[in-house]
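> Spelled out from the first residue to the last, the chains are:
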Amino acid sequence: MTASVTAAAAQAGPAVEAIGLRKSFGEIHAVDGIDLALQPGRIYGLLGPNGSGKTTLIRLLAGLARATAGEARILGTAMPSRPMLARIGYMPQAEALYPDLSVGENLGFFAALQGTRGRDAIGRVLELVELADRRGSPTHELSGGMRRRLSLACTLVHEPPVLFLDEPTVGVDPALRVQFWAHFRRLAKAGATILVASHVMDEADRCDDLIFVRSGKVIARGTSAELRAGAATTDLEAAFLHYAGLDAEGRPLETAS
Amino acid sequence: MSATRILAVARRIAQGFRRDERTLGLVFVVPIAITLLLGWVIRDSEAGEVRIAVVSEETFRLADALTVAADGADMPFEVSIIAAGDEGGARDQVRDGTADIAVIATELPDGPVTVVTEGTDPSGDAARIGALRALMARAIAMMIPPELNVAVPEFEHETVFLSADADSMDVLAPVFLGYFAYFFVFILTGISFLRERVGGTLERLLATPVTRGEIVLGYGIGFGIFATLQVLLLIGFTLLAVEVPAIGPIPAFTIGLGVTSVGSPALLFLLAVLLALGAVNLGIFLSTFARTELQVIQFIPVVIVPQGLLGGIFWPIDQLPDILQPVAQVLPVTYAVDGLREVMLRGADLSSGTLQLDLAVLAGIALFFVALASRTIKREVA
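Sequence order for the protein chains is A and B.
Oh and the first sequence: position 197 is 196 in numbering that gives the first Met the number 0, straight run, nothing missing.
Oh and the second sequence: position 232 is 231 in numbering that gives the first Met the number 0, straight run, nothing missing.
Misleading hints may appear alongside valid ones.
To be clear about the criterion: a stretch of chain B counts as covered by chain A if any three or more of its residues have a C-beta under 8 Å from a C-beta of chain A, and this derived list gives those stretches [stated by the list, open to error]:
(1) 189–200
(2) 205–215
Label pairs and their calculated CB-CB ranges [as the list claims (entries may be wrong)]:
(3) A/Gly50 x B/Ile224: 35 to 45 Å
(4) A/Gly143 x B/Ala13: 20 to 30 Å
(5) B/Gly235 x A/Glu126: 40 to 50 Å
(6) B/Gly118 x A/Pro137: 52 to 62 Å
Please keep in mind that the hints were generated in silico from the structure rather than gathered at the bench.
These figures come from a predicted structure and were not determined experimentally.
Idealized CB from N, CA, C, for every residue including glycine.
Whenever a hint applies, use it, and build me the whole structure from the sequences.
Given below as structure tokens:
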């Protein structure tokens, strides 16, 4: 792929690092002391229920929010760092597109901000999300799934070596979801580091490594098989509940003292 | 600072406008329509007829004297004199609407003349009493026997600026240029930026290497282009007067207000653009305090209306109550209105101290809001 991806792959050490990362909003600790080291060429699944701090963690890693304590590093550079932003692809949970602009105009806009020139970059990424024939359509005329694809395209248009995808497959139909994951895998093979936040466990098996988070803390990490074995279950959802200290119906196993 | 990124932000605003016919209509058609309507109302309203019921002693025959005086007088009103039988009858005529003014002159020559009006239209009354006063003076002048050789002088009205027959439209037109640009640009940027925040696109913008300054400048240019086109259109409409001849059933009419301007259109333009730049950034700044589009609209009575009342559009600043004067001195519209009037009505150029001050203050306010808007974007990346 591009030179930047190759360079990232060649770089020694983790592509994404978190050291004692903490973000507090008053009394609430959205991210409560998280350490991470994500290696190039791997897909990491960030799993946890709604409100567990996944989005805040991603925003801290991507330099969109300033940590209360600790440090986030991308490719060895402490975040927030503006030059590093050009090497990050961030797909927010919200659609984050301009409804009055056409598909091509939305892509062209984000490509220009990322310093990507040329129509072939836009054409290539449109082929990838199968929207090439909708290039001139106003975005508000697209279906929900198409807008999701366009949102992914805007994230990938500058071919970043580090990808943060916040619930990328919400509202995407099963056939396209398979294609999304196949593409994530291709990017990882080319050396990209990918962190996918999700609260659906059935996507977890497509990741190389899983990070379980709850209440701003990492409660378990490892490959899918390791986590299942550790919890003595074949069901990943049951494994999550095990590590969270909850019973099969989501209630605490031991009563709080 | 990257020109590519600034232009990308500006271009995205223009692209969004292109498909939004309603907003285009709001920016380009509505100001013209309102100005046209106002010009029409102010210029072509019927002055109406003043009906004066007169009661006087038989010997004075005031009603006859006024009728003669009104005949052939150059009055702003059509005047008709009604001779009333007695004071009660004259008052009744005012009450039931058959007369506009009752003149009760039963105590002449020693006592005062009582003038009775209906009372619910103070400004109309003032104009009508003025007309009556002029009529009285004319009637009295005609009563003086010619052999006394006393002349009652007549006034010749001359003016330093504009012509003596300039009407209130000539004085109000400069203001519309500034006020419309301010109003629409403020609302459009406020809502547009709110959408960036709510829709998540601002989050996505801030995840790219774009700087806050680039976003604010891009917005300024993007909306500035539309404000500029709007101002050019309004300047053209205000200054031009193109006669369209009658075609078939359509009577002849005039396009444009034909307001006399003595100053340079380029200076008008500069004033309006500086004002609009301030409005863009005020819109960005205030959108921080709104969560919905309705809440942006709620800023209209807070931001737009006070400027309309205190900005010197209808009442000169120095006639405002002492407490309100300092308030008026900090409103951007005040300086734009003053500058626009200096240029359009008095023909001021860049050597004029007043205009220099207006331009400097407007530029200062615009810079202040640019800084403020940049700071509020930073708050996102707390």
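> Flag every earlier hint the structure violates by its number, smallest first.
Per hint list: zero violations.
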